[in-house]
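Can you make the complete structure from the sequences, with help from the hints?
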Amino acid sequence: DAGVIQSPRHEVTEMGQEVTLRCKPISGHDYLFWYRQTMMRGLELLIYFNNNVPIDDSGMPEDRFSAKMPNASFSTLKIQPSEPRDSAVYFCASSLPGGPRNEQFFGPGTRLTVL
Amino acid sequence: AQKVTQAQTEISVVEKEDVTLDCVYETRDTTYYLFWYKQPPSGELVFLIRRNSFDEQNEISGRYSWNFQKSTSSFNFTITASQVVDSAVYFCALSEAYNFNKFYFGSGTKLNVKP
Chain A
502 DAGVIQSPRH
512 EVTEMGQEVT
522 LRCKPISGHD
532 YLFWYRQTMM
542 RGLELLIYFN
552 NNVPIDDSGM
562 PEDRFSAKMP
572 NASFSTLKIQ
582 PSEPRDSAVY
592 FCASSLPGGP
602 RNEQFFGPGT
612 RLTVL
Chain B
265 AQKVTQAQTE
275 ISVVEKEDVT
285 LDCVYETRDT
295 TYYLFWYKQP
305 PSGELVFLIR
315 RNSFDEQNEI
325 SGRYSWNFQK
335 STSSFNFTIT
345 ASQVVDSAVY
355 FCALSEAYNF
365 NKFYFGSGTK
375 LNVKP
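Just so you know, the sequences run in chain order A and B. Read in order, the letters of the first sequence are residues 502 to 616 in the working numbering. Read in order, the letters of the second sequence are residues 265 to 379 in the working numbering.
A portion of the hints provided could be inaccurate.
Taking CB as the label site, the calculated pair distances span [what the hints assert, rightly or not]: (1) B:G307 x A:S528: 21 to 27 Å; (2) A:E545 x B:D282: 30 to 36 Å; (3) A:E545 x B:T294: 23 to 29 Å; (4) B:T294 x A:Q518: 45 to 51 Å; (5) A:R542 x B:T294: 34 to 40 Å.
No wet-lab data here; the hints were simulated from the structure. Bear in mind that the values here come from a model prediction, so they are computed numbers and not experimental data. Even glycine gets a Cβ: it sits at the ideal position worked out from N, Cα and C.
Pasting the structure below:
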C-alpha cells in the first residue's frame, strides 16, 4: 500500500521564482497537512484540509504561500515569489477520518533550496 | 510558550546501552493526545506511538517503552539495548481537545548510537 507521495524530492530555485510542491495522500485519508521543517523553528504546521476544504491556515507564513486541494488525491503548496528564507524541508501528511485516535502519516518530504 | 519541550538536543550512546528521551508538555486541556515520531537519516517521519490523556499505563513494544506521568506532564521514551539503527531524531508531539488535528511538535532529540 503506497504511503504519502511527495514530489519533487528536491527543488533548487532562484529567488523570485515560483515553486510548486505536490502531494498525494494515502487513499481513504480525508485529512491532509502541510508542514515545514527548519533548524530554527522545527516542525511547523502550515495548513490542513479536511475533505478537500482548508480548515486551518493560521500557520501559513505570508501571502506568498498558498495551498490547494482540488480533489481527494492531490494537493499543492505554492510559493510565489520564493525567497531564500523559504529554504526548508516541506512535509505532507495525511490521516484517516475519526478524529484524535488517528496518527498522521508523513511523506518523504521535499527539500527546497532557494538561492 | 512551548507546548512540548524536548530539552535534550542531542544524545550519544554506545550500542547496547539503554537511553531515555525526555518529553515535557504543557496543556490546560484534560483531554489530549501525545505522540512519538522517529525521523531517521533518510528524512521521513515514522509514527511510533499514540497515548491519550486518560491512559497512564506504561507501554512496552520490544525494545521501546514509554512512561506517561500526568503528575509531571511527561511522556518519556526509553530504548533498551540501543542499536545503531536507532540513530535518528525523535520527536514528541501533543494534540489538544479543541483541535485534535493540530499537532504541536517538540524540537526533537537527535540520538546517535555508536557501534
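Consistency of the hints with the structure:
no.	hint	verdict
1	B:G307 x A:S528: 21 to 27 Å	holds, 23 Å
2	A:E545 x B:D282: 30 to 36 Å	holds, 32 Å
3	A:E545 x B:T294: 23 to 29 Å	holds, 26 Å
4	B:T294 x A:Q518: 45 to 51 Å	holds, 48 Å
5	A:R542 x B:T294: 34 to 40 Å	violated, 29 Å
Violated hint: 5 only; the structure is consistent with all others.
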